[in-house]
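Novice: In case you want the letters, here they are:
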Amino acid sequence: MATRGRVILTISVGALLAAFVFYPRQEVPPQPYPLALVWREAYQHRLPEYPHESIVAGHQGLAVAALWLNADGSLRHFSVVQAPDEAIQKSVLASTQYFRVGPSLLGVIPLRRSKLLYYFLLDQGHARVVPLNDLSQKAELLRTLKSRGP
Amino acid sequence: MKLTTVAREGASVIIAAYLISLCLHAIEQHASQKKTLVVGDRFTAEIARPQASRLLVIAISATCRYSRNSREFHGRLIEAARNKGLAVAVLTEQSSLATSNAGAQSLSGVPVGRADLASLGIDSTPSILLIDRGRVYGRWTGQLSHSQEKVVTSRLDPNLHTFMRLRDDNGSFDEPVTLSQADTSRLLDGARVLDVRERDESDPPRLPNALNIPEDELTFRADIEIPNYESCLVVDCSFLREGKCGGIGRLLFHLGFHNVWVYDRGALGASCASTPVGKGS
Chain A
1 MATRGRVILT
11 ISVGALLAAF
21 VFYPRQEVPP
31 QPYPLALVWR
41 EAYQHRLPEY
51 PHESIVAGHQ
61 GLAVAALWLN
71 ADGSLRHFSV
81 VQAPDEAIQK
91 SVLASTQYFR
101 VGPSLLGVIP
111 LRRSKLLYYF
121 LLDQGHARVV
131 PLNDLSQKAE
141 LLRTLKSRGP
Chain B
1001 MKLTTVAREG
1011 ASVIIAAYLI
1021 SLCLHAIEQH
1031 ASQKKTLVVG
1041 DRFTAEIARP
1051 QASRLLVIAI
1061 SATCRYSRNS
1071 REFHGRLIEA
1081 ARNKGLAVAV
1091 LTEQSSLATS
1101 NAGAQSLSGV
1111 PVGRADLASL
1121 GIDSTPSILL
1131 IDRGRVYGRW
1141 TGQLSHSQEK
1151 VVTSRLDPNL
1161 HTFMRLRDDN
1171 GSFDEPVTLS
1181 QADTSRLLDG
1191 ARVLDVRERD
1201 ESDPPRLPNA
1211 LNIPEDELTF
1221 RADIEIPNYE
1231 SCLVVDCSFL
1241 REGKCGGIGR
1251 LLFHLGFHNV
1261 WVYDRGALGA
1271 SCASTPVGKG
1281 S
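These protein sequence lines are chains A and B, in that order. Residue numbers are given in my numbering: position 91 of the first sequence equals residue 91, and the series is strictly consecutive. Numbers in my numbering are just positions in the second sequence, counted from 1, shifted up by 1000.
Just so you know, the hints here were simulated from the structure itself, not pulled from any lab data. Beta carbons are placed, not taken as given, at the ideal position from N, Cα and C, and that holds for glycine. Incorrect hints may appear among the rest.
As the list claims (entries may be wrong) - Counterexamples of contact, computed for chain B against chain A with all Cβ distances above 12 Å:
id	residue
1	Gly1040
2	Ser1172
3	Glu1198
4	Asp1216
5	Phe1220
6	Arg1221
Stated by the list, open to error - Derived Cβ-Cβ restraints for the label pairs, each shown as a range:
id	chain 1	residue 1	chain 2	residue 2	range
7	A	Gln31	B	Tyr1229	30 to 38 Å
8	A	Gly102	B	Tyr1018	33 to 41 Å
9	A	Gln31	B	Lys1150	46 to 54 Å
10	A	Gly102	B	Gly1247	22 to 30 Å
11	A	Arg143	B	Thr1178	39 to 47 Å
12	B	Gly1247	A	Arg40	43 to 51 Å
13	A	Arg128	B	Ile1027	49 to 57 Å
14	B	Gly1075	A	Asn70	49 to 57 Å
15	A	His52	B	Arg1186	43 to 51 Å
16	A	His77	B	Pro1205	24 to 32 Å
17	B	Ser1180	A	Arg128	46 to 54 Å
18	A	Ser74	B	Thr1178	49 to 57 Å
19	A	Arg128	B	Val1177	56 to 64 Å
20	B	His1146	A	Pro32	31 to 39 Å
Stated by the list, open to error - Here are a few chain B residues that face chain A, going by a calculated C-beta distance under 8 Å:
id	residue
21	Glu1009
22	Ser1012
23	Glu1217
24	Asp1223
25	Ile1224
26	Ile1226
My request is simple: use the sequences and hints to build the entire structure.
Specialist: Next comes the structure, spelled out in structure tokens:
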């Protein structure tokens, strides 16, 4: 009887402990993170190159990369969700993998969801890539566009 | 202890642990499936006569003062809904109110039914839902202002739409303007329409010619992509969670757009969490 009782007790306690080990942890939903802040917190980034074929084709406009960042700032997932053409999409994808950011200044956030916005501009023969997350560069772009007129 | 006994115990532990973890996971997944109902969602609960194509649902709480303060408006709304041929359901979580004649009579004779509001996707009281052929086309939460009450009453007819002009950067709006479907289409054709949902959110479908700038990108893109600040800018708020539209209007006003109109805006007034024991009484 004593042996049977010990077996049942061992199984019960062991099962409870193991259940916590085996239990599939639920994915933490990503928290939206301010676009300007993620840019300020970055300690390494590369601007995407303006592909020659896009310049020749006269393609310009907005490209957007979506990022999922772990608590330590490492990239968990990234993709390009909008781009004027395929060459620009590849260029943004290539540059995004070099984006490095530290832990959030707002506290510990297990998973952050943010975006990188780049404006590909052909301005009087010059090809420029403007990171819109940087509000000062965005303001300068706005002045450029307004000076060109509609 | 024999080796076979140890092996048997170990195997039993692993199997039991696996089964327990499966059960816990299933329970957690079931709990996380509960979500708040928004415009465009299907309302599957059968709480009205089956043949009713349009339905007005009012969720109230006897212990919530905002529900009590809204009782007179709810009564008027029920009358207006009946005149337009809508089925009406009044729901509460409190069993005392559900069985109380006084509570039922106070809402224009509509019996107050008891329901698990959270499982229906109603997280606050008072809440008003307008449903057309099983799909939510209007939702308002909390005690509403006079102009918001006018919007709800107009929207009893799904072919009528409301527009409200943003008055200042405090997020206050002028009195609503109600237009028919035809006039709405004409107005939207001539205006710049802004859809602030994410790129992958397209249900309900976007309005024709709507410019999609997700909410978190507005600061960075709106003044670049909408160069004419003075032209009429209509924000499609028909699908947005109540109260969100005011914040978007304020942001656009701050960016320099002073001719901003919101289309079919929901509203978020003071409300109580829909738990069996109401708060805010």
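Novice: Quick check: does the Cβ-Cβ distance between His77/A and Pro1205/B fall within 24 to 32 Å?
Specialist: Since His77/A and Pro1205/B have Cβ atoms about 28 Å apart, the given range 24 to 32 Å holds.
Novice: Honestly, do Gly1075/B and Asn70/A meet the 49 to 57 Å range at C-beta?
Specialist: holds, 53 Å
Novice: Does the Cβ distance between Arg143/A and Thr1178/B fall inside 39 to 47 Å?
Specialist: holds, 41 Å
Novice: Could you say whether the range 31 to 39 Å given as a hint is met by the Cβ separation of His1146/B and Pro32/A?
Specialist: Because 34 Å falls inside the window, the suggested range holds.
Novice: Given a hint of 22 to 30 Å, does the C-beta separation of Gly102/A and Gly1247/B actually sit inside it?
Specialist: holds, 29 Å
Novice: So the hint says 46 to 54 Å: do the beta-carbon atoms of Gln31/A and Lys1150/B match that?
Specialist: Given about 37 Å between the Cβ atoms, the range is violated.
Novice: Close enough to count: is the Cβ of Glu1009/B nearer than 8 Å to one in chain A?
Specialist: Interface hint status for Glu1009/B: holds (6 Å vs cutoff 8 Å).
Novice: Would you settle whether the hint for Ile1224/B is holds or violated, based on the nearest Cβ-Cβ distance to chain A being less than 8 Å?
Specialist: Check passed: Cβ of Ile1224/B comes within 6 Å of chain A, closer than 8 Å.
Novice: Does Glu1217/B pass the interface check with chain A, least Cβ-Cβ distance below 8 Å?
Specialist: holds, 6 Å
Novice: Confirm or reject the claim that Gly102/A and Tyr1018/B have a C-beta distance inside 33 to 41 Å.
Specialist: At 39 Å between Cβs, range holds.
Novice: Report holds if the minimum CB distance from Arg1221/B to chain A is greater than 12 Å, and violated otherwise.
Specialist: violated, 7 Å
Novice: Please check whether Gly1247/B and Arg40/A have a Cβ separation lying inside 43 to 51 Å.
Specialist: Since the Cβ atoms of Gly1247/B and Arg40/A sit about 22 Å apart, the hinted range of 43 to 51 Å is violated.
In terms of the numbered hints stated before, the structure departs from hints 3, 4, 5, 6, 9, 12, 19 and 26, listed from lowest to highest.
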